[in-house]
Structure formats: C-alpha cells, structure tokens
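Engineer: Sequence lines, in order, name chains A and B.
What the first sequence shows, in the UniProt record's numbering, is residues 1 to 469, in sequence order.
What the second sequence shows, in the UniProt record's numbering, is residues 1 to 469, in sequence order.
Hints listed in this document are in silico derivations from the structure and should not be mistaken for laboratory results.
Keep in mind that a hint or two might mislead.
Because identical chains cannot be distinguished in the list, a pair is counted as satisfied if it fits within a single copy or across any two copies.
[What the hints assert, rightly or not] Here are the simulated SDA-like pairs of lysine to any residue, each with C-alpha atoms no more than 25 Å apart in a straight line:
| # | residue 1 | residue 2 |
| --- | --- | --- |
| 1 | LYS408 | SER49 |
| 2 | LYS440 | ASP175 |
| 3 | LYS7 | SER49 |
| 4 | LYS125 | LYS397 |
| 5 | LYS7 | ARG332 |
| 6 | LYS216 | GLY158 |
| 7 | LYS9 | LYS137 |
| 8 | LYS351 | GLU99 |
| 9 | LYS408 | THR108 |
| 10 | LYS297 | LEU121 |
| 11 | LYS96 | GLN20 |
| 12 | LYS311 | GLU393 |
| 13 | LYS244 | GLU99 |
| 14 | LYS137 | SER232 |
| 15 | LYS297 | ALA219 |
| 16 | LYS9 | ILE245 |
| 17 | LYS408 | ASP101 |
| 18 | LYS440 | LEU59 |
| 19 | LYS137 | ALA405 |
| 20 | LYS351 | PRO335 |
| 21 | LYS397 | ASN312 |
| 22 | LYS318 | ASN173 |
| 23 | LYS58 | VAL436 |
| 24 | LYS16 | ALA405 |
| 25 | LYS297 | SER22 |
| 26 | LYS58 | SER434 |
2 protein chains.
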Amino acid sequence: MITNDIKQKFIDIVGKENYQDSNEIKLVYSYDATPNFQSLPDAVISPRSTEEVSKVLKLCNEHKIPVVPRGSGTNLSAGTCPINGGIVMIFNNMAKILELDEDNLTITVQPGVITQEINTLVESKGLFYPPDPGSMKISTIGGNIMENSGGLRGLKYGVTRDYVIGMEFVLPNGDIVRTGGKLAKDVAGYDLTRLMVGSEGTLGVITEATLKLIPKPEARKTILAVYENLESAAQTVSNIIANKIIPVTLEFMDQSTIRVVEEFAKVGLPTDAEAVLLIEQDGAPEVVERDIQMIEKICKEMNAVRVDVAKNDEEAAKLTTARRYALSALARLRPTTILEDATVPRSEIAKIVRAINEIAKKYNVPISTFGHAGDGNMHPTCTTDVRDHDEMERVEKAFEEIFDAAIKLGGTITGEHGVGVVKSPYLAWKLGESGVNIMKSIKHAFDPNNIMNPGKMFAKDTRKRVVVQ
Amino acid sequence: MITNDIKQKFIDIVGKENYQDSNEIKLVYSYDATPNFQSLPDAVISPRSTEEVSKVLKLCNEHKIPVVPRGSGTNLSAGTCPINGGIVMIFNNMAKILELDEDNLTITVQPGVITQEINTLVESKGLFYPPDPGSMKISTIGGNIMENSGGLRGLKYGVTRDYVIGMEFVLPNGDIVRTGGKLAKDVAGYDLTRLMVGSEGTLGVITEATLKLIPKPEARKTILAVYENLESAAQTVSNIIANKIIPVTLEFMDQSTIRVVEEFAKVGLPTDAEAVLLIEQDGAPEVVERDIQMIEKICKEMNAVRVDVAKNDEEAAKLTTARRYALSALARLRPTTILEDATVPRSEIAKIVRAINEIAKKYNVPISTFGHAGDGNMHPTCTTDVRDHDEMERVEKAFEEIFDAAIKLGGTITGEHGVGVVKSPYLAWKLGESGVNIMKSIKHAFDPNNIMNPGKMFAKDTRKRVVVQ
C-alpha cells in the first residue's frame, strides 16, 4: 500500500510529473501483450537517472512495495503484468543512446531505447546488432535484455545474451553495480552480466547496457521452398546444417499456417503443402551466392515441390511476406491468439510438429505452428476465445502436453518468451525441483524482501491461463 | 579433518583405488601452475559418476570438508591450490566424450576430457570448437569451463562461455541439476549455465557439459607485421576493425618480448622494433584472401617496417613461431615467471602497454608484454625469483598499479585467467563493494557451508604473491 506519506517521498525523488496514479494510467499499465492477464498497479514511476532508480528501489524495499520494471510491454508471458500491484517502473526518461564506439564496436544505451533505433543507428555506420525479436520496432532494449529476447537470426548470430558485455544495474537495496565494459574478455568473478540477462525483472533494474556490435554483412539472399510433407522440410534443415552451412534465417510454417496466410494474403502458396521453409543467408557476396546455390540444390534433392530464389531485394521482400504475415493472419481468425515457444533440438522439429498436431486434435483446439526451424524454436499458436472457459481449459491442457513433449525431446518450455506468470507452473518440468530451488535461492540472495516483480518465474499459486481474474 | 570413519565412507563411495592420501599424492596435488602457491590437501578423490560426486559432496557438506575440483591444474591464479586443505577432486574417471551430434552441432563431454581431444575429434568431422586456451593440449574441458578460458581466437569467436549450452552439475548439498541442452535458445529461468561457467569451482561440480560447435573454417592465412613504434601497431589494430574486418587472431608482442624471443629462437626479428603484430584470418577462401590483402595494405599504411604474408601453411607456421615462443623464451630468463592478464578496451592497447613499461621502470622489475591485441587482453609477464623477497614486493606493487591502470582505462583485472587467490585482493577494484557483496551472496546461496574451493575469489585474508607459505 502506498500511503500519502510514501507517495510524497516518491514525488520528492522523481518529481511530480514522473509519479502517476490516475485511474487511466493505472489501467494502461495493468496489462501487457499477454492475453487474459490484467491487474492494476498502485502507481507508475518514471525515474530520470540511476540515482533516482536507486532511491525509488530503496524506498520500495523499506516498505515492501512491489516493483515491476517495464519496457514496452510486448512480452508474451505476462512478465510485466503487475499481478501483486505496487509500482510499474517505466523508462521514457532513460531512453538515450549514450555512445556508439566505432573503435571498440560497442554501443552504450539506457534501458528505454527502442531496439529498432539501435539497429538504424549502427547500420548507418556499417555495423550490426543481430538480435531481432519480432517486436523490435516497439520493444525497448531494457525489455529485450530482461527477457533475453531471441528472434529470426538466433541460429547464426545468437540471442540478446550474446551481445550484452557490460551493464549497470540497481539492486533492490539501492546498491548500484557495474559489470563488464567494452571488453571482449572479463572473468572478474561470477558472470553477473549474463545472470541479469533473462532475469525478467526479478533481480534488479538495469540502468545502462553496453552491447557488442559486429560488421554489417555485405550481402543477403532469400529462398522460399514448399514441401508436400513435413519430414522432407525437416530433413532439408538437417541437410543444410550437415553441409556446414549456417543460414542467418531458417523459418518454418506448417500446413495450417500456410492455409491461413494464403487466405489472408494471397501470396500464391499451395494450400495442400505440408510445410514451407523460408531460408536466408548473409555475409560476403561470394559466400552468400555459393551457400544459396547449395541450399537450393538441397531443397530440390529433398523433393521441394517449389523453390523460389529471390533475384533482388524486392523479390526477397515478397518471399518473406508469407512468414511475416503468419501471426497477423492467424490473429484475425478469433478473438484470442496464444503464441507459445516450445523449443527442441533442431533434429527433432518434425517430431514436435507432428506431436503438436496430434495434441491439437486430441483436445479439439486449433493450433498452427510456425517458427525458427534452424534453432528448433517453434511457435505453436492457438486461436481461441478467452470467454469460452471450456475451450480455454482444453487449450491449457494442450499446451501442457506440448511443453511435456518438447522436454521429452530434449527441449525446453520457453525458447525466447520467458517464464513470467504463464510458464511458471512448468519451470520444474524443465529444471527439476533442485534446479528451481537453486534459482529461488539466487532470487532470495538478490531480493530478500521479494519486491522485484513478485509472482513471476516461481509463483507458488500461479494461476493458469484458464482462470479469468 | 578427515577422520578414519569419514575416510571409510569416502572409500565406500568411490572405491579404495579412487581415494588416495599418500604423502606423494598429496604433494602432487598441493600446487598448480601458479608460481609460489602450495598447500597440502588431505586426500585426492576420483569419482566415477555423477552419483558418486553427489555422495562425496553430501558427505563433505555434512562434515564441512573443503572440496577443490581440479582439471589439469594449468590455471594461473592459484585457483586449484587447496589452500584450506580438504579433498582435491579429480576427473580421470569421468573423462569420456559422450556424444558428437552432427545434426545439432553439439558435443557432450565429461569434465575430465582434454580440450585438445575435443578439437581433434570435431575437426576430423569438419566441425570446429573455437576456444583455444594456451594450455589446451593438457587442460581439461571441466577446467576450461570453470575458468571460462579464453585464447587466441576470442576476438572473432568468443570464449568458453559462448560455447557451453547445456550442463549437469552437482551442488554442495548433493543435488544434481541439469540445465539447457542441445538448444540454441532456452530462457527457462535464470541462466545457471553461464553462472557456472567461470565460477572457479566455488559453486558446485560440473559433471557433464554440452558444447556448441560450428562448421570448420575452410581457409586460413597469416601475416606478421613489424613496427618501429607502438602507436603505429595499435593504430593498425584499430584500422583493421574500422575497416569492418574481424581477424581470428590479432596478437601483439612488445620490444622487450621481441628481444627475448629473437635471442632465444633467432627468427630474424629486428630487435629495435617496438612492436610486432601477428594477424590471422580464417573463413571462406575468397573472404580470407580479400581480408588479408586489406590487412596488408593497412599495415603498410601504418608504416610497418616489414610485412610478411605467409604463402602456405609452412610459412604461416614459421611466422607464428615468434608468438608461440614468447612465454617459453621469457620463462628461461629467471626462475619465476609471473604471467598476468590485465585487459582493456581494444582502443586502449597502446596506453596500457606504455603504462606497463613506466610502471616496470618505476619499480625496477623486468616486465615484457605480449597478448591478444584484438580483444585488449594483454599478458604483462614478469621474470623474477620468488626467493628474492625484496624484488617480489616490488613485483606485487607493480602488478597492483597495472591492474589499477587497466581499470582506469575501462578494463578489468583479469581477462581469462580467473580470480582465484591471486586476484582476490583486487576484485572490489573492478566491481566495487556492492558488486563483491552480491557475488558473495550468490556464493552463500549455493554453498552455505563454504566447502566449495574456499578461500578463492573472495578470500578475506588473501595473502599476496610476496608471502611464501
């Protein structure tokens, strides 16, 4: 509970205009991109500096007020829904690019910077920040770091974690910690930098990050391949890798996704195809040319019924349309779209897609699957209606079985969306009780009063999707 | 203290032949590669399985017996010296390569596998495990993971941390935890995998690791460039990167190292040169060719007095000789060689080398510097004699100033050797008290009885190099 006295103290720290608690603002920050989760915060605070973050956290810690740090709220695991009230901390006042260092190939940013802004700036200098989560046009880098966001280029270039090399963050007790720097190598103690990446706002608040950049690939080419059966598409993925080619993008859509996309966008996909692969390679022009020729050959050997190689950027854009439309095409079908991210070893893609189809049939729920075939990160997507409690029960059960199937295939419950509230009931499935226990003890070491994003990751009584609050 | 009763329990777990406590064996495991640190363990234990590791740790935890997990003891920070006695745990019975998975580009290994064995096997299949610490011919992968070992290819390919994607480890309480897997993406909870990497045996014992592999680069070329002055060499490094080329190797030797190497190996280096760069590029043949031509041009523009481009593997081997001999040439000068690894942003190399030279002069100690210029990871190396207490006092003071200079330039106290005992007095210089405190609380969360490699990383009363035990 935020008393008038505490409210005044917050205002003394951040200024009147940066403490908001109108009903309108509380409503705006009561939910994120995750369907069916909503809970009002007590206030929304926009600190202007690391020192203000420190003071706010100290005050919250003293009074045991929950703090939910939030970027643009694009996460899909209810990670930024303030399920226990308290304050939502936003970073519109800490949204500057502090330095682009072309000698050391680093960029130093505040948490509120939009990811796309980073890309635009560094690409204008011939540099490259590879992580490209689907929401990058609106998501913040702080949110990306807290969620360890992935994207379409993970196979070749890795994910957000692989590019964060320095950090400033504030602990719940107000302590300010700086780790790493513009350094390719640093082994001074435990890797706090990577521990913070993907910690979903449960350990502290990031106030600055230094990101590693690489030279921008000179060329890029695109192929779209259509298959009559799933196994041929999966085998194509394996054969490309077996030929020592790591494409930048290796995306997959199943039959159900193909049909919805074709109906929506009329891009000329054969609706009897069981699978489509969208494959892109980047790098030096000669290498891209050679790789694309080899990939085309492999697709044909694997009986692709159609292989389109883009001759230029325009054609490439056309080929990628289908994959880019996947989510929007699905989302228009029914009121609620639940996008999951069960992930398996690359070799198990065909098996997980078959398993998803069987599970969808068993529970009589519509699930279409698309995703990042190259890194086994699948997005089974259910179009449903949260108001239909009976169907939502079945949706929840279906996803439980999908997570279980992924784990049995050597996979995980979440490849890039995070645990948040949505996956917390399943965390022990992946990590066992001993794994969850040691994570809880890390949480306790950082945040003994449990003020940082409480109820996420380990929630004891986590509600599942089926119960509407 | 290991009583007869406890000894019998250890023997019941691992078998008589895997529990050794003769004076000879205790002496053998009383030191590692770090000069001037020695302390006898009470026993040496070789578990044969994860279950045995778990039972041994449980027993040690119950009786508060220190456990020092050890690979081949090649570390340079006294990280595996059993300074508080207890047991040294070795992995000669857990040294199998469990699986090479060519579909998922992973290799799964036990901790006792020699790093070179991994390289040999994967390269025979056209694959590549990039981390190449100097000691890789004898070091174990378990040791590499615990130290987050670097090497010469860090600039382009990263370090050990970047290749560990799955792990099985045992906590001090005996709990067995499995994380990650053959997965490019996994965000199920905190990143325990990367927290364990570089934890120097202070959090638990690794019993299995899954490593990511990449396709082996097809081609490789080598350049040696000689400079009359340090700044030109440093500017060459910057200009190569500014031209969007990331070489696989970008090694540096200063004048003092050049002179010693030349005297030792007679490779024809001009001893009045202030710096030598050894530059290698790998990748697709066309790209390597183009990059090497551009690098040659940059070296000449930066007034290199000599630029040798190897025409074939034999010539390349010849050029790399000088750099490979650096440590051995220095080590023969005097009884004790202290090899450090202060690390700075790439742009600050010239400044740190100048600073090192001034500091060496100030304290009248011989320090030569070579190292990984591309990633700012310098190896100031002092040839001295531990029996000369007066000189050792000055050596310690010189290194203190070097660490301080590195930090002031935005660097760190250790780029790849770890904290161990040697760097523990300086950890707070890099991380501040708040950074060290949160690391200590992580340690406490994992290991409340402080049995795992006690006295390392945070040692309260850490002795410095000068005091002979």
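Engineer: For the identical chains here, do LYS9 and ILE245 meet the 25 Å Cα criterion within one copy, between copies, both, or neither?
Structural biologist: neither (58 Å within a copy, 52 Å between copies)
Engineer: When Cα atoms must be at most 25 Å apart, do LYS7 and ARG332 count as within-copy, between-copy, both, or neither?
Structural biologist: For LYS7 and ARG332, the Cα distance exceeds 25 Å both inside one copy (42 Å) and across copies (69 Å).
Engineer: Tell me, please, which holds for LYS216 and GLY158 at an alpha-carbon limit of 25 Å: within, between, both or neither?
Structural biologist: So LYS216 and GLY158 pass the 25 Å test inside a copy (15 Å) and across (18 Å) alike.
Engineer: 25 Å Cα cut-off: does LYS297 pair with LEU121 within a copy, between copies, both or neither?
Structural biologist: neither (37 Å within a copy, 29 Å between copies)
Engineer: How do LYS297 and ALA219 come out at 25 Å by Cα distance, when the copy is not named: within, between, both, or neither?
Structural biologist: both (20 Å within a copy, 24 Å between copies)
Engineer: Is it within a copy, between copies, both, or neither that the alpha carbon of LYS137 lies no farther than 25 Å from that of ALA405?
Structural biologist: Neither. Shortest intra-copy (33 Å) and inter-copy (41 Å) distances fail the 25 Å Cα cut-off.
Engineer: My question is about LYS311 and GLU393: at a cut-off of 25 Å on alpha-carbon distance, are they close within one copy, between copies, both, or neither?
Structural biologist: neither (47 Å within a copy, 68 Å between copies)
Engineer: If the cut is 25 Å between Cα atoms, do LYS318 and ASN173 qualify within a copy, between copies, both or neither?
Structural biologist: neither (52 Å within a copy, 57 Å between copies)
Engineer: At most 25 Å between alpha carbons: which applies to LYS9 and LYS137, within, between, both or neither?
Structural biologist: Answer is neither: 35 Å inside a copy and 61 Å across each miss the 25 Å cutoff.
Engineer: Using 25 Å as the alpha carbon limit, work out where LYS351 and PRO335 are close: within a copy, between copies, both or neither.
Structural biologist: So LYS351 and PRO335 fail the 25 Å test inside a copy (29 Å) and across (61 Å) alike.
Engineer: Is the C-alpha distance from LYS440 to ASP175 at most 25 Å within one copy, between copies, in both cases, or in neither?
Structural biologist: both (21 Å within a copy, 14 Å between copies)
Engineer: Between the shortest in-copy and the shortest cross-copy C-alpha distance, which are at most 25 Å for LYS408 and SER49: within, between, both, or neither?
Structural biologist: between (46 Å within a copy, 23 Å between copies)
Of the numbered hints listed earlier, those contradicted by the structure are 4, 5, 7, 10, 12, 14, 16, 19, 20, 21, 22, 24, 25.
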